[in-house]
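Asks: Protein sequence lines, in the order shown, are assigned to chains A and B. Under numbering that gives the first Met the number 0, the first residue of the first sequence is numbered 0, with each subsequent residue one higher. Under numbering that gives the first Met the number 0, the first residue of the second sequence is numbered 0, with each subsequent residue one higher.
Since the hints were made in silico from the structure, they are not lab data. Because the structure is a prediction, the values reported are computed rather than measured. One or more hints might be untrue.
So the derived label-pair ranges between C-beta atoms look like this [unchecked claim]: (1) R388/B with D73/A: 42 to 48 Å; (2) E49/A with R396/B: 23 to 29 Å; (3) D286/B with E27/A: 52 to 58 Å; (4) T93/A with G269/B: 52 to 58 Å; (5) P25/A with R50/B: 27 to 33 Å; (6) P440/B with Q11/A: 33 to 39 Å; (7) T34/B with D73/A: 17 to 23 Å; (8) N41/A with T34/B: 22 to 28 Å.
In silico DSBU-like pairs for lysine-lysine, Cα to Cα no more than 35 Å straight-line [stated by the list, open to error]: (9) K46/B with K16/A; (10) K16/A with K54/B; (11) K449/B with K16/A.
Quick reminder that beta carbons are idealized off the backbone N, C-alpha and C, glycines included.
These are the residues of each chain, in order.
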Amino acid sequence: MTAAAGFRRLYQGSRPKIRFRIDGRPAEALSGDTVLTALRLNGAVARTSEFGDGPRAGFCLMGACQDCWISMGDGRRVRACETPVEDGMDLITTLPGESQWPGA
Amino acid sequence: MARRVVIIGAGPAGTRAAETLVAAGIETTVIDRETASGGQIYRRPAKGVERPAPKLYGDDAPKAVALHATFDALKSKIDYRPGTEVFGISDRLLHLHDSTAMSELGFDALILATGATDRVTPLPGWTQPGVHSLGGAQIALKAQGCAIGHRVVFVGSGPLLTLVAAQYAEAGADVAAVLDTSSQSDLMRGAPLMTARPGLMFRGLKLRRVLRRHRIPYVTGVRDIRIDGDGTQVTGIRWTAGNRETQLACDGVGMGWHLRSENQLAQMAGCDFDWDPVARQMAPRIDEMGRSTRNGIYLAGDGTRILGADGAEIAGQLAAIACLEDLGRQGRHPVDSLLKRQKRMRRFARGLSLAFPFPDDLCTSLPDDALLCRCEAITAGEYRATIDRSHAIEPNRAKSLSRVGMGRCQGRYCGAAAARILAASGGLPLDEQPGLRPQAPVRPLPLGLKTPGGAAE
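Only chain A is shown next, with the shape it has when bound in the complex:
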């Protein structure tokens, strides 16, 4: 909907800033944020469904639904809701050409 869509931070605390990238674009979060929190605060999603039904941004936030697996520039794939965001992380929410199953 609007540019404001995504998580809304209610408690900041005093935490160091984290600088990372979403699909190559620079973004910021705070130490202690999970990758998923960092994505949602920046209005981003975790991935595109490989079956062609659109973007996904997690569901359960407790590592059970497996809907927030995300790829990183270093080749790792992690559950975004269980992984703390770190300085220099290179998050990739769409893998061009590899994101869809044939025929999906």
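Chain B: place on chain A using the hints.
Replies: Quick look at chain B alone, frame taken from chain A:
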């Protein structure tokens, strides 16, 4: 030789079980998927996001603090393995990994305190960014200090619905509405049993008052729910209540209908299960202490019966006492008073199930074009067509032909709805359906794990 007892889970049940075993001098291993103890209910906030316990846990703050303190004091006396996941079990051997390496661990006795996850039924539009389970919405707030949206609607039924909505409102989030699929007459049916725990009943009323103070509408008897979106994000929600259709704009939806047990490991261990007519889900068969039908395997907490955190603390103690008895350790334990308290917990839980029933009709009326299985993106219509074509009558057959329940979540979020659709489409009735058979790994494994032999897979 010293006997090794392994506990899986470090929530209320796992913590109290460990405390009881350590007090008896038993060599105890606690394996926890999470990096800090507390389980989901008493989850600790991420570093830097700490807030005072009353803010985080509300009226349950003293219990959360006590449970955390108990576990912290046990740490040096047990073999504690945080961030470690049991992904399979064979005979007397657990298969584990800690995200870097796989390992195996034998046990003489095993206490499963694996907890619960949200019980949901798919809704049209539920896979869009901005939609989370109620438990997930609560974790966003508790552990991350965030709301799942700038304007949030909560939908579902059960104690968590009102609790999370009130916690959001008190934390300053914009809650547009709370939509309850249960009716006032459901509530009346459950109320007499819920008097077993008057304090909790009173707390439920208090939370409703919090919602009223924040002028948040609480709608009951909600049906025909649809979550709208623009292809990238949730934009609103529609529903009917008493023949009136309503639409609200929102960018966050929290949904859930109480909880379901995480009992995959009990299934893999070969424990017998029965249909629980009260909770209306399959549950492992246990005696009053928590002994399963497999020798040396004990079950405790919400992973066995959904009794809530207090019931889980009692169940953890009972399971550990049963384990000690079976190991031939005599001790003085307050078994009678624990059992008496647990009886009250069960009575209250029965009341909750009646007051906030799982909406079977919402499952069976899921529109054909709605996604039933979010992992494999399979619609309710495709599932119904597969059942029609193949005459599948039980869920594992229907799963292998349709892939519903075969995806990464292993049916955690579509299983309840799929079972009800199957029953309504000529399949076995719910109480005769076997559950979906869990497969190892219980959750997907990361690539590059080192194997016990040393090589990376």
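Asks: Verify the CB-CB distance for N41/A and T34/B against the hinted window 22 to 28 Å.
Replies: holds (24 Å)
Asks: Has the hinted range 33 to 39 Å been met by the Cβ atoms of P440/B and Q11/A?
Replies: holds (37 Å)
Asks: So if I understand the rule, the pair passes when the alpha-carbon distance is 35 Å or less; does K449/B with K16/A pass?
Replies: With Cα atoms ~33 Å apart, K449/B and K16/A stay inside 35 Å; holds.
Asks: In this structure, is the beta-carbon distance linking D286/B and E27/A contained in 52 to 58 Å?
Replies: Holds, since D286/B and E27/A (Cβ atoms, about 55 Å apart) stay within the stated range.
Asks: Does 42 to 48 Å hold as the CB distance between R388/B and D73/A, or does it fail?
Replies: holds (45 Å)
Asks: Against the range 27 to 33 Å, how does the distance between the Cβ atoms of P25/A and R50/B compare: consistent or not?
Replies: holds (29 Å)
Asks: Decide if the proposed pair is consistent with the structure: K46/B and K16/A, CA atoms, cutoff 35 Å inclusive.
Replies: Measuring from Cα to Cα gives roughly 13 Å; hence the hint holds.
Asks: So the hint says 52 to 58 Å: do the beta-carbon atoms of T93/A and G269/B match that?
Replies: Given range 52 to 58 Å: violated, Cβ gap about 43 Å.
Asks: Holds or violated: 17 to 23 Å for the Cβ distance of T34/B and D73/A?
Replies: holds (22 Å)
Asks: Between E49/A and R396/B, does the beta-carbon spacing fit 23 to 29 Å?
Replies: Since E49/A and R396/B have Cβ atoms about 25 Å apart, the given range 23 to 29 Å holds.
Asks: Please work out if K16/A and K54/B have their alpha carbons no farther apart than 35 Å.
Replies: holds (24 Å)
In the structure shown, a violation is registered for the earlier hint numbered 4 alone.
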